[in-house]
Amino acid sequence: MKARKKTNSQLLFDGILKENPIFRLALSMCPAVGISTSVMNGILLGVAVLFVQVFSSCTISAVKNYIHPRIRIPTYTLTIATWVTVIDLMLAAYFPAAYKEMGIFVKLIVAFAIITMRLETFACKNPVGPSFWDGIGMGLGFTFGMVALGFVRELLGMGTILGYDVLGFRPLLFFVLPAAGFFCVGLMMAIFNYMEIVYNRRRKAQ
Amino acid sequence: MKEIIRITIGLTISCLVAAIVMGSVFAITDKAKKHNEHVRVQDTMLGLLGYGKTNPPPSDLRLVTIYRYTLNEQGNIRLGYMLPVSETGRETYELMVVTPDGNFVEKLPLKITTEAASEAPERETALGSALKPSTSFSFADSAIVALKGKDRIAYLLPSEFPGFKTFVKVILALDTRFSVIGLEIMEHEEDPGLGAEIVQPYFKNQFKGKPFDRLKELKVIKEPLPDEYKAALEGKGLGKGTISRAEVDALRQKYQGKEIFSITGATISSRAVTNGVISAAKKFSYRLKALENVISAQQIAVVF
Chain E
-2 MKARKKTNSQ LLFDGILKEN PIFRLALSMC PAVGISTSVM NGILLGVAVL
48 FVQVFSSCTI SAVKNYIHPR IRIPTYTLTI ATWVTVIDLM LAAYFPAAYK
98 EMGIFVKLIV AFAIITMRLE TFACKNPVGP SFWDGIGMGL GFTFGMVALG
148 FVRELLGMGT ILGYDVLGFR PLLFFVLPAA GFFCVGLMMA IFNYMEIVYN
198 RRRKAQ
Chain P
3 MKEIIRITIG LTISCLVAAI VMGSVFAITD KAKKHNEHVR VQDTMLGLLG
53 YGKTNPPPSD LRLVTIYRYT LNEQGNIRLG YMLPVSETGR ETYELMVVTP
103 DGNFVEKLPL KITTEAASEA PERETALGSA LKPSTSFSFA DSAIVALKGK
153 DRIAYLLPSE FPGFKTFVKV ILALDTRFSV IGLEIMEHEE DPGLGAEIVQ
203 PYFKNQFKGK PFDRLKELKV IKEPLPDEYK AALEGKGLGK GTISRAEVDA
253 LRQKYQGKEI FSITGATISS RAVTNGVISA AKKFSYRLKA LENVISAQQI
303 AVVF
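The listed protein sequences derive, respectively, from chains E and P. According to this note's numbering, the first sequence is numbered sequentially starting from -2. According to this note's numbering, the second sequence is numbered sequentially starting from 3.
You may find that some hints are simply not true.
These stretches of chain P come out as covered by chain E in the derived footprint (C-beta under 8 Å, 3 or more residues) [claimed, not checked]:
1. 5 to 19
2. 25 to 31
3. 211 to 220
A few chain P residues facing chain E, derived, Cβ under 7 Å [said to hold, decoys possible]:
4. A34
5. K35
6. E191
Quick caveat, the hints were computed from the structure, so don't treat them as lab data. All C-beta atoms in this analysis are idealised placements derived from N, C-alpha and C, irrespective of residue type, glycine included.
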C-alpha cells in the first residue's frame, strides 16, 4: 500500500474495477472457472463472499495489533473458517429458504484465495473503517466478475439469462463446460486490460 | 525460545476464541436448525406424495416409521426392526430381531411412544433397556410407510450414498409395487453448476414413474436431453397454458422406457444418484418381503 490515502468511495470502486479480484488481481480463479456457469450462481456466490470478506476484514483489522506476524496466515484461515461456520449455521437456523439456495456456496468459501489475500495486503495494515469499505468493494467486485462471466457463459451455453429463455436455442453448449471457463476468464481479462490501456492513453492525450 | 512460547500462546488463544464463538453459535442455533430440518423433511415427504399448500393432505393420512438397527450379540450379527404396533388401541413400538437371512429370533416390547421414537437418543435408551447389556447396536436406516386409513399408499425411503464429493442424502418415494413416485435431494455438496444440477427437476424427475422392473436395470446414458422431454420434466408452462397436463403425461409416457440422461459435465454425479436410487429401491423391496413373511408368521399387530 502506498502512503497516499484513499477515500472510502475510492476503496469501494477500486474493488469493482481497478482492482477487480477476478480480472485484475487474478485471485480465486477456481470458483471463477468452475461455478460461473449461470448468472444466479454468480450472484449467490458473490453475496456469500461479500459477507465473509467484510466480516473477516473487520475482525482482522480490529485485532491486527495482537496477532504475532509469524502466525498471521493461520489466524486468517481460522477467522475465515469461523465466519463461514457462523454464517452457515445462522442461515440454516433463521433463513431456511435462503440456506436451501446458498448452503453449498457458503461452505465453499473457506478455501478462497481472495479473502486471505485481502486480509494480508489490506486489513492487517489499515483501521477498521477502510477495511470495511475495502471488503465491500472486493465483495462487489467479485460479484460483478462472477455475474459478468455467468452472463456470457449462460447466454452462449444455454441461451438463457437467470433461467429465462432469451435466445430460444443453445448456441454453444461448450460454454457451460469447465474448460470454457478458462477461455471466458482469459478473454474477459484481455478486455479489461485493453480498456485500461485505451483509458490511460486517452487521459495522456488530453 | 521466548518467541516459540509467544507463538504457541497466540495460536492457542486464537483457536480458543474461534472455538468459543463457533460453539456458542452452534448452541444457540442448533434447536432452530433441527426444527427447520424436521419441517423440511415433513414438507418434502408430503410433497412427494403430491400434497402441498394448494392440496392439503387428507386427515386420515398417516406416516409411520420403521427403524432398522444392526445388533451385535457377542459376534452374532442380527437385524433389529423397530416396528410400530397397536395393542388394544394403544400405539407403541416393538423390536423384532431377525437373522440377516430373514429367520425370526425374538421379539421384545419397547417402552417408547410414537412421538418419542422420532428422537434418536430416546430410541437408544429404549433399545438399551430392552436388549441384553452385552449386545451392541447401531442405527442402520429407516423407512416410512404412508397410510391412508388402513391402506398403504407409498413408501418413503430416506437414503444416503456417496456422490462426487461427499454424501448425497435423498428421499425416494415408491408406491406399493415399488415403482418410483418421486425423488427429492435433501442434502449434497456437489459442485454448483455441474453436479449440483442433480437437484434440478429435469434430472430428478426422470426417475418419476419408472416401474420397479425397469428401475432395476436403469443405466445412465451420455446423450443430450431432448427438448420436449426437458419441458415435460420441468413442467414450467403448466399454469400458463403453453403445455397441458395431458401433453406432459403423454411425453413422460413416451420416455418412460428410456435410460437416465446424464447431466452435462457431471456424469459421475448422475451415475452416483442413479445407482444410489436403484440400490435403495432393490434393498428395500427385498427387506420388506422378508420382513412381511416374519410379521405374518409371528402375527405381530403392526400398524401398517
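> Any of the earlier hints contradicted here, and which numbers?
Replying inline: 3
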